[in-house]
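Peer 1: As a plain string of letters, each chain reads:
2 protein chains.
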Amino acid sequence: MMVARILAGSAAIALIAATIPANAAAAADGEQAREAAFDGMISSADQMAWLKDMSSAPNQVGSPHDKANAEMQLRLFRQWGWDAHIETFNVLYPTPISTTVEMIAPDRVTLGGQEPAVPGDTTSGNTAGAIPPYVAYQGDGDVTAPVVYVNYGMPEDYDALARRGISVKGKIVLARYGGGWRGLKPKLAQEHGAAGCLIYSDPADDGYATGDSYPAGGARPADGVQRGSVEDMTTYPGDPLTPGIGATADAKRLTRAQSKVILKIPALPISYADAAKIIAALKGPVVTGKQRGALGMAYHWGGTGAVTVHLAVKSDWSLKPVYDVIAMMKGSTFPDQWVIRGNHHDGWVFGAADPLTGQVALMDEAKALGALARQGWRPKRTIVYASWDGEEPGLLGSTEWAEEHADELKQKAVVYINTDNNGRGYLFAEASHDLQHFIENAARDVTDPQTGVSVFERNRARVLTAHYEDPGSVTPALAAAAKGGGDLLVGPLGSGSDYSAFLQHLGIASINLGFGGQDYAGGSYHSVYDSYYHVTHFDDPGLVYGAALSKVVGRLVMRAADADRVPARYSDFATTIARYVDEVNTLATDQRAKDRTLKQLAADGDFKLTSDPSDPTTAPEVKPVTPLIDTLALEDASDRLTRSAAAADAMLSDEDALPPAVQAKINADLAGIDQLLLDPDGLPGRPWYRNMIYAPGTLTGYGAKTLPGVREAIEQRRFDDARAYVAKTAAVLNAYADRLDAAVALAKGG
Amino acid sequence: MMVARILAGSAAIALIAATIPANAAAAADGEQAREAAFDGMISSADQMAWLKDMSSAPNQVGSPHDKANAEMQLRLFRQWGWDAHIETFNVLYPTPISTTVEMIAPDRVTLGGQEPAVPGDTTSGNTAGAIPPYVAYQGDGDVTAPVVYVNYGMPEDYDALARRGISVKGKIVLARYGGGWRGLKPKLAQEHGAAGCLIYSDPADDGYATGDSYPAGGARPADGVQRGSVEDMTTYPGDPLTPGIGATADAKRLTRAQSKVILKIPALPISYADAAKIIAALKGPVVTGKQRGALGMAYHWGGTGAVTVHLAVKSDWSLKPVYDVIAMMKGSTFPDQWVIRGNHHDGWVFGAADPLTGQVALMDEAKALGALARQGWRPKRTIVYASWDGEEPGLLGSTEWAEEHADELKQKAVVYINTDNNGRGYLFAEASHDLQHFIENAARDVTDPQTGVSVFERNRARVLTAHYEDPGSVTPALAAAAKGGGDLLVGPLGSGSDYSAFLQHLGIASINLGFGGQDYAGGSYHSVYDSYYHVTHFDDPGLVYGAALSKVVGRLVMRAADADRVPARYSDFATTIARYVDEVNTLATDQRAKDRTLKQLAADGDFKLTSDPSDPTTAPEVKPVTPLIDTLALEDASDRLTRSAAAADAMLSDEDALPPAVQAKINADLAGIDQLLLDPDGLPGRPWYRNMIYAPGTLTGYGAKTLPGVREAIEQRRFDDARAYVAKTAAVLNAYADRLDAAVALAKGG
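Residue numbers (the numbering used here), protein chains in the order written: chain A, 602 to 1351; chain B, 602 to 1351.
Simulated from the structure, these hints should not be mistaken for lab results.
Keep in mind that a hint or two might mislead.
Since the list gives no way to pick one copy over another, a pair counts as held whenever it fits inside one copy or between any two copies.
[Stated by the list, open to error] With a straight-line cut-off of 25 Å between C-alpha atoms, the simulated BS3-like cross-links for lysine-lysine are:
{"hint": "1", "residue 1": "K931", "residue 2": "K1011"}
{"hint": "2", "residue 1": "K770", "residue 2": "K1266"}
{"hint": "3", "residue 1": "K1084", "residue 2": "K1200"}
{"hint": "4", "residue 1": "K1209", "residue 2": "K668"}
{"hint": "5", "residue 1": "K891", "residue 2": "K1349"}
{"hint": "6", "residue 1": "K865", "residue 2": "K1209"}
{"hint": "7", "residue 1": "K1224", "residue 2": "K878"}
{"hint": "8", "residue 1": "K1224", "residue 2": "K861"}
{"hint": "9", "residue 1": "K1195", "residue 2": "K1084"}
{"hint": "10", "residue 1": "K1084", "residue 2": "K1209"}
{"hint": "11", "residue 1": "K1011", "residue 2": "K853"}
Whenever a hint applies, use it, and build me the whole structure from the sequences.
Peer 2: Written as structure tokens, this is what we have:
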């Protein structure tokens, strides 16, 4: 295996040389010419060759092929002229020793186990060394209990159960994937007293309701299972034993029992072929509407004892190594300003789409940048390319690296640019909003492979047609932006990939992007079927979007590295903050009104009057009415930011007229401005998350919560926290505005 | 069978006597006391006995049991003291000689045929004389063709097919029930060139997605089939050969070929067990989102030739008799003002829920009214109770009777009150809006059997809780009404039951009501399983809502018959009209904006840019932009109506102070005011429909279109019609206001 892989790698390198135009060096003096030369070196064929090789064997953390992939990349980076090394951390990463799921009643049926091979997908028959369906950081255990169906297992589902008098205490919950991050399902089940948790992929969400099942199409087949992490990443990601510090050999570690991010109850993922056997036997009230899935049967909430399941998991909880590949290209002018670009290389099984579609795009960029450097180009800033390990279990490699190098990164990092799995369709981007215009400009300059227009134009067409077909699907702000032809709005960053430590722990301005929306990567996600065959048939045939991704990201990297100053537009951030403040105020107002209504309806007995004899329900739980929360400080900070940002942007548009020393001082001061958005105490209950603007939601997981200290406190009815974080959030916005004001004052000779 | 039935009828009558309180006559001098006496005679037990008997054998038009049910009712009405007779019409009613559905490719599979017996439901095993799954007034034929899935078979589904380049020309379409009236499915298929039409009941709509399947629950089982009519009732209902006149023995008849309401292509309904076999084999693009159903498989649009079906129907097209039972109780003061109350007695098979739940409630009312009359009460107006035959095939009995007696009805009828199948839950009411307050007052005075509050209060609780749980599910006007404690808003009348000829052809103010929302009548609808067992287990156990219906309708009948004047409140009509005029203006504005957007997006190629390679689509068809349509005349008429109605209501609140002769003149003039809403030319393309305010939509079938001449013309882009019907609709509203103004003038001595 290893030898074959190295040969494949070498063959790929041979391909590269052929794709470098002979005159590229001469043409690469202007930015446009350099980018054209860069584009000319990007090669879908190279990406295909790497993808095939790197996904040829299981490559989860600790597997031989994962290590081999790291070493192969190290060799390639060096061949391409980068100063590269592998940095190793030792992390707590459990692997399954045994997993058991069996239905005990009404019939004894063995469930679970490895996914079967499918015709055409050669790796699917080659699962030696692959982990079976498993979720990392569940709590080992052995339980036998009745089953309760909990739909997506989100808070509103527990509300629906409570209104029906159904408790999950001591039961095993059966949750379907979707509606919120995987890890929240067993966490909320545990908080509600459940003894165990099964998670399955309902065909409504990524199966036959979305397309033909694999291998006829790309949708998840009956036997496909989604593995994943259930580490409580919303408390902190990375090694569970070393929060806030690098998991080096000699790091001071928590015990497993001390860690707050490991589950106490056993949990396993299963296929819908298995779940259907359980669901078909459940009794109790029928599940209707959006809470049912797409299996061809009635769904029941269960909890009656009609179905009993035995669930047992035993894991190897030893430390394992993760191998981060770090490659540097030193900057000529600002060597201590770093542009960092990363993707991860570990998968759950073969990991062809996730993460390798993004990883091979990153490699193609590194190849082309190396070639440009050999041809004489030298970036002004230092470029750092990182291939992370251990992302899948909990952003391990990136988090440990960021924690270990925190001091240096706070000094030097000006932007972190992340990708992960990539598919075909539309460019999506989430980012620190002062980088919005920077991203959109790159999207304007890259051609969409399917349509021949720019990636930006295609995204704009998507917004406009979606708004035509379903106006409610597009926010008014985005629709207005698209109609006006201005920048489309990038989303906020939550979690689920390697930017978390950079943005949310260190405050480094970050970008996450990729293509998608017309692929079936959801159908193979974290399963044995996430294979080269699946990717090249259903997700990005020919890896043409892999090439497009390299071109977009390559531009971002080169432009960020070569620009006179960090390419931010502060008004975009200010406009976005103003929108978020409005949202938070509306949230509080609406929640208060809804609380008042519920109190009245419950007092009047209106829910008793509308209970259906076929499905009797009680009133929703009445909670104290949301009080008035004074957000004046936040509104003031937002208004001030708007003025300061406008002044700063105006000053910067004429910055060339300033004396070079003043320019240098202004640019250096602004390079780290996003770090001012941190509060040293972090968010309530999760001090690792220090960014007061962007965080993953504790009840969304991957999904972002903006102004999280305030927004989540309102949502979760921690009203004292809400008031405290109005002040804290206003303070970081004022610090950001102070920095902008100082720059303007400096320009005026202040 | 017949003897047993008569005995059962007699037994029921014996029951009745026992339920009449001895002192009822003495107590019945005031309205409240009379209504209490009436309530005391209403008996769920009587209704159960009649229901069991009348649904004991197939009772479709032309069946022996249908005739026997008519004769039994005639006998009962007479026993109860009514002046009753049976009026017979001879109508074109086709019955199946042979029906064939078989899949030819990819496999030969015989489909269709009678539904099987289910345990517990005794009549389901007793289907001798029942018609097999069939749709009346389809076009006989014998076709073999590829199948195209068309979802609900509504215009937007054909748009979705067109965007995928899939034609139904020469094909057999497979449509699912729902989303629009049954008859529109084969009609639109035919208009698009299809050779045949299959209609099936998807489990998403009334099967396991909504509850447990029969007989475990009330939802439609895999083998259940919905029969029904596909007569083009939106052109005209009633006998296809005698539009506008009674189908008497010597009536001048059209030929079958001349009739505009009979389909040209063959059509049959099938079960989802059968449909699943076809759907599983279809090829082509995958159907996603709301256009797929709840079968446990991928849906494909088909049309590829992968599936070929043979569909053949041969019918007996002879004339058949329908038996309307008409019972009259002469009024003491205004014998020539008629309060008419009807329900039908024919079913598709056993018809227990549809129509007999409503029919036995009507009988219970007639029993109690008869008893009150025997005890000395005499209504001021004449009461006419009607038990219609042939409603199911096309409102035959009611339409022919209304057409035959049109002149007399225009002179005498002041209100028509209709019910049809009844279930448990909430009172729904659709009506001429000048009767809204009249209906809501009755709802305030009847107790809901499940909760013990008034029917009105329960409806109010439903609006309030629905608005709390999903604000978008309740219109702002209705939510405001419920919050304020005022009348809830009744809906407009479309079609689907026997009020059509009264309201839409003759202009007689009408009401249609019933209970529902917590039953499973949809699961047995028009199938063999619409049985006594199903009704008493899943729809209205104990027929307690049957009794509640009798109490509501009994109040409406007695109050309308005994009131000094027709119990209208004209401001309710004016308020409703103002809302409809707003809606029509918004429709035109929104459609114009959407047209402009589409034109631009299509010109810019935005749909080409967003086509998905897994499911390529073209742009929607670009149509000429909706022009500005001047609705000034309608707005003026609405404003004037608002003023006139307010003045009339104010005058009527003090009417008692006027001289009796003036009162009598005013009341007589206002009794027929709703007939002024007719235009003699009728609606575009369907002159039978003469009401300019209320009509069934040509593309909704049962669903109402208000201000239909204008609204549908805009929707269907007949903009010259829209302008012409602004004038016609304004004219009828002005005539209505003229009548109100004349009454006010009369009161002032003018």
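Peer 1: Against this structure, judge whether each hint is valid.
Peer 2: Hint by hint, here is what the structure shows:
1. K931 x K1011: within (18 Å within a copy, 96 Å between copies)
2. K770 x K1266: neither (61 Å within a copy, 73 Å between copies)
3. K1084 x K1200: between (42 Å within a copy, 14 Å between copies)
4. K1209 x K668: neither (61 Å within a copy, 44 Å between copies)
5. K891 x K1349: neither (59 Å within a copy, 60 Å between copies)
6. K865 x K1209: neither (37 Å within a copy, 51 Å between copies)
7. K1224 x K878: neither (38 Å within a copy, 50 Å between copies)
8. K1224 x K861: Answer is neither: 28 Å inside a copy and 61 Å across each miss the 25 Å cutoff.
9. K1195 x K1084: For K1195 and K1084, the Cα distance is within 25 Å only across copies (14 Å; inside one copy 34 Å).
10. K1084 x K1209: between (48 Å within a copy, 18 Å between copies)
11. K1011 x K853: So K1011 and K853 pass the 25 Å test inside one copy only (22 Å; across, 95 Å).
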